[in-house]
Amino acid sequence: MEEKATNTPFRAEEGQIENTVGQKTPQDEDPASSLPKEDLIAWLQVLGAFCLNLNTWGLMNAFGVYQTFYKLDLLSAHSSSDISWIGSTQAFLMFLTSVVAGPIFDAGHLSFLLWTGSLFTVLGMFLTSICKTYYQCFLAQGVMMGLGFGLLYLPAPAIVSQFFHARRSLAIGMSSVGSALGGVIYPIVFTQLQPRIGFGWATRVVAFIIFGTSIIPLLVMKSRSVASPWRTVLDATALRDVPYILLNSGLLFGFMGLWVIFYYIQLYALQRSSVSSELASYLLVIINASSLPGRLLPGFYADKVGSINVQTVVAASSAILTFCLIAIRSTGGLIVYSLLYGFSAGAFMGLPAAGVARLSEDHSKIGIRLGMTLGFVGFGVLVSNPIAGAILAVNGSWTGLIVWCGALLTASTLSMAASRVVKVGYSLTKVI
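Residue numbers for the sequence shown follow this note's numbering, so the first one is 768 and each next one is one higher.
Honestly, the hints are just simulated from the structure, not real lab data. It cannot be assumed that every hint is accurate.
Each computed DSBU-like pair below joins lysine-lysine, with the alpha-carbon atoms no more than 35 Å apart [said to hold, decoys possible]: (1) Lys899 to Lys1071; (2) Lys1132 to Lys1197; (3) Lys1071 to Lys1197; (4) Lys1132 to Lys989; (5) Lys899 to Lys838; (6) Lys899 to Lys989; (7) Lys838 to Lys989; (8) Lys989 to Lys1197.
These figures come from a predicted structure and were not determined experimentally.
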């Protein structure tokens, strides 16, 4: 007698999905019984993911203050391009390490990722506080912290995606607010404390904040899926998924372009505008602060009109704003630009995980696909800012740097629009 398949239930008391022979997956018919409840436990995952984003994306978004300080003080003998390799390597290793973190996560080793990633991140920042030379900063802040970021970042969107369905984009957007808040808090802390207590102790204060906020994910986060055997770091089906490939291309170009402004806006203001040095130091804070609503509002609408649709629009707006920067010199103009660019950039950075999840028919492979996406994007992030710095070194060509950034964001817009067209066609009413 043929065994009758049953739907896969979620047992709240065990916090896991039963996985027995003959059961249907959530992708089979009548999936409602296996949908996440989106209860208190789910929102605790959002809190944990918020802290992970605070101490990964938030710290990377704050690197611009270190870029400027190193160029004007600690590493003044080195070029802007040389210094940007520290931040670019940090971002690259975060993305690349996520390729390995995906299978580790899917194999059920969430605790390993959280503990090891937190150790690397906290220790890396403490070691940065005692750095005196370029190679020391590169190893501590670039390599060690980058590896820590890679282990910590991927569980944030992956866990939230497991616990939410109807409001997935909103939940991911709320957790990504940590990225924006980190980009506000850490630059302010460093900028205010460095002149008073020096580089070393200002950086150690940042490290203590990281340490304290790293405890929360260790206490509240857990995976909803059953631990599975070790999987490959690649999903072969993704390599034949044209919409997924085009989305990845859009994300690659987008992140390559977005971080150019994050790294160089403060130096741009000091060298090419009438902005005071005090206000210039807060332009990065303004960008990160305005990215807060940028991560929330588009996330809310993405659940209604589609995350890829929204991300395509914000990529286009970021490109337009970037080209406008060529003509901006005044204090008021730079403040308005920073507000608008931050909103748009925040929306772009908050939506990739939702887009990857939407294009993933098998949600058990979300971790692997996110890792593949981040690894691919990382190679572009590694070279983008050093290239921007090299362009700047040619007769101080700020216009060339801005055009480089704007061209990348334009390519991002076209790639994501192509992903949408291939997946659902030209209809503007399709949710994707």
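- Assess, step by step, whether the Cα of Lys989 is no farther than 35 Å from the Cα of Lys1197, and give holds or violated. 34 Å, holds
- Message: Need the status of pair Lys899, Lys838: alpha-carbon distance at most 35 Å?
- Response: Holds, at roughly 13 Å.
- Query: Hey, Lys1132 versus Lys1197, does the alpha-carbon distance stay inside 35 Å?
  - Reply: 24 Å, holds
- Query: Going straight from one Cα to the other, do Lys899 and Lys989 come out at no more than 35 Å?
  - Reply: Not satisfied, since the Cα-Cα distance of roughly 39 Å exceeds 35 Å.
- Task: Verify the proposed pairing of Lys838 with Lys989, using a straight-line Cα cut of 35 Å.
- Result: 42 Å, violated
- Message: Please verify whether Lys1132 and Lys989 have alpha carbons no more than 35 Å apart.
- Response: 17 Å, holds
- Message: Just to be careful, I want the Cα atoms of Lys899 and Lys1071 compared with a cutoff of 35 Å; is the pair within it?
- Response: The given pair, whose Cα atoms are some 51 Å apart, is violated under the 35 Å limit.
- Hint consistency between Lys1071 and Lys1197 [alpha-carbon to alpha-carbon, up to 35 Å]: Holds, at about 10 Å.
When the structure is compared with the earlier hints, violations turn up for hints 1, 6 and 7 and for no others.
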